[in-house]
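So the sequences go chain by chain: A and B. Quick note on UniProt numbering: the first sequence kicks off at 1 and runs consecutively. Quick note on UniProt numbering: the second sequence kicks off at 1 and runs consecutively.
Keep in mind that the hints were calculated from the coordinates and are not lab data. Remember, it's a predicted structure, so these values are computed and weren't measured experimentally. One or more hints might be untrue.
[To be verified] Facing chain B, a subset of chain A residues (Cβ under 8 angstroms, in silico):
#1 E11
#2 E20
#3 T34
#4 V179
Where is the CB? At the ideal position from N, CA and C, for every residue including glycine.
Number of protein chains: 2
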Amino acid sequence: MSDERKIDVREAERHRAKMEKRKAVQDAEVAGKTVEKGLLIVNTGPGKGKSTAAFGLALRMLGYGRRVGVVQFIKGAWHSGEQDALSRFGDLVAWHTMGEGFTWETQDLERDIAAAQAAWAKAQELMADPTISLVVLDELNIALRYDYIDLERVVAALKGRREGLHVVVTGRNARPAMVEAADLVTEMGATKHHFAVGVKAQKGIEF
Amino acid sequence: MSDERKIDVREAERHRAKMEKRKAVQDAEVAGKTVEKGLLIVNTGPGKGKSTAAFGLALRMLGYGRRVGVVQFIKGAWHSGEQDALSRFGDLVAWHTMGEGFTWETQDLERDIAAAQAAWAKAQELMADPTISLVVLDELNIALRYDYIDLERVVAALKGRREGLHVVVTGRNARPAMVEAADLVTEMGATKHHFAVGVKAQKGIEF
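With these hints in hand, go ahead and build the complete structure from the sequences.
Written out as structure tokens, the structure reads:
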């Protein structure tokens with residue numbers, strides 16, 4: 001290839017020595033990590049990728065033949081690619097779309113609250129199911145932000161999840177108590193977004 | 001349910017009126033977005049979810065029966081759940097693990113460079129394949145950070161991608177030229193990470 005980088009013997013040796021040291025550091029770090037536990041994972045922030053990463057995690061878990069449960073708290077009956085794709089895994093996926101759509105679509109607070117509470121009941125059911133390894137609570141943070149369900153009660157149930165169960169919670173504006181309870185919190189920051197320059201939501205990308 | 005929130009008539013009406021206004025704003029925003037285009041998407045930052053969100057996007061695309069190509073630039077032959085899971089989609093997924101493992105594992109600069117260049121050749125092949133809707137270039141940012149492949153050449157090829165093709169590039173430390181060329185850049189920030197408290201990499205979560 002014409003863009004091949006030329007490496008001389010000294011550069012190669014410097015690299016090898018540096019990487020040998022780095023490997024020692026890395027190995028020590030890995031050896032220091034011994035805890036195995038079911039994680040409470042929170043994907044929040046204004047950027048794209050919160051739900052997408054949660055479904056990517058579901059995919060990874062399914063690759064090991066483990067069962068995954070999904071509860072969608074806000075999204076309503078509209079069609080999504082990930083739901084269709086996960087249907088390939090048959091009984092390995094328990095999918096529950098419990099939302100009624102965005103709050104500005106329903107315009108009905110009582111209905112939104114009832115939907116969120118039904119979703120939370122379903123979430124608790126999935127979390128109690130011993131055949132399930134990972135539960136995705138998609139947009140739970142939104143339901144908590146609007147006080148559709150009781151924050152303290154939800155956080156207590158998440159903290160008290162059975163041993164080994166991984167739970168992923170998505171949605172902007174994670175509440176401080178949720179962040180505090182979590183083992184892993186990722187803030188998706190929108191460094192640059194195509195919506196800002198007039199690109200619309202596209203099949204396979206946004207839904 | 002005992003945690004049911006009581007809503008009076010006035011609160012319900014205030015909510016409805018507010019959401020009606022919000023819907024008008026939202027509808028105008030959606031109407032203002034008319035462009036459809038193949039996106040260059042970059043998932044970067046120190047947090048978890050960069051590759052995971054890319055595979056979540058692959059899943060979404062597969063849900064519409066569209067073909068996806070994957071090139072892994074750094075990860076070597078080790079086993080991953082997402083690879084197994086995506087194998088369910090048969091010919092819809094073209095998966096190429098081209099890396100040799102982390103730089104501190106190979107300790108061989110020349111070998112790393114050769115692997116990255118072969119990966120880039122494969123990436124160009126997938127990008128040219130008209131049957132593919134989305135190409136995931138996993139950890140390409142790492143190969144660029146270490147100058148294993150030529151940045152200018154790569155960015156030019158990505159910018160010149162065929163119409164309608166979506167490309168996702170992952171890896172920490174995206175180069176400024178990559179960010180500049182992208183339509184969508186998400187910075188995954190590690191607000192809280194379980195590795196820091198001694199939890200090890202676990203099946204279905206990290207691999």
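query = Do the numbers back the hint for V179(A), that is, is its least Cβ distance to chain B under 8 angstroms?
reply = holds (7 angstroms)
query = With 8 angstroms as the cut and Cβ atoms as the points, is T34(A) at the interface with chain B?
reply = holds (6 angstroms)
ask   = Should the interface hint for E20(A) be scored as holding, given a Cβ-Cβ cut-off of 8 angstroms against chain B?
value = holds (6 angstroms)
key: Hint check, E11(A) versus chain B [nearest Cβ-Cβ separation less than 8 angstroms]   = holds (7 angstroms)
Consistency with the previously given hints is maintained throughout, with no hint failing.
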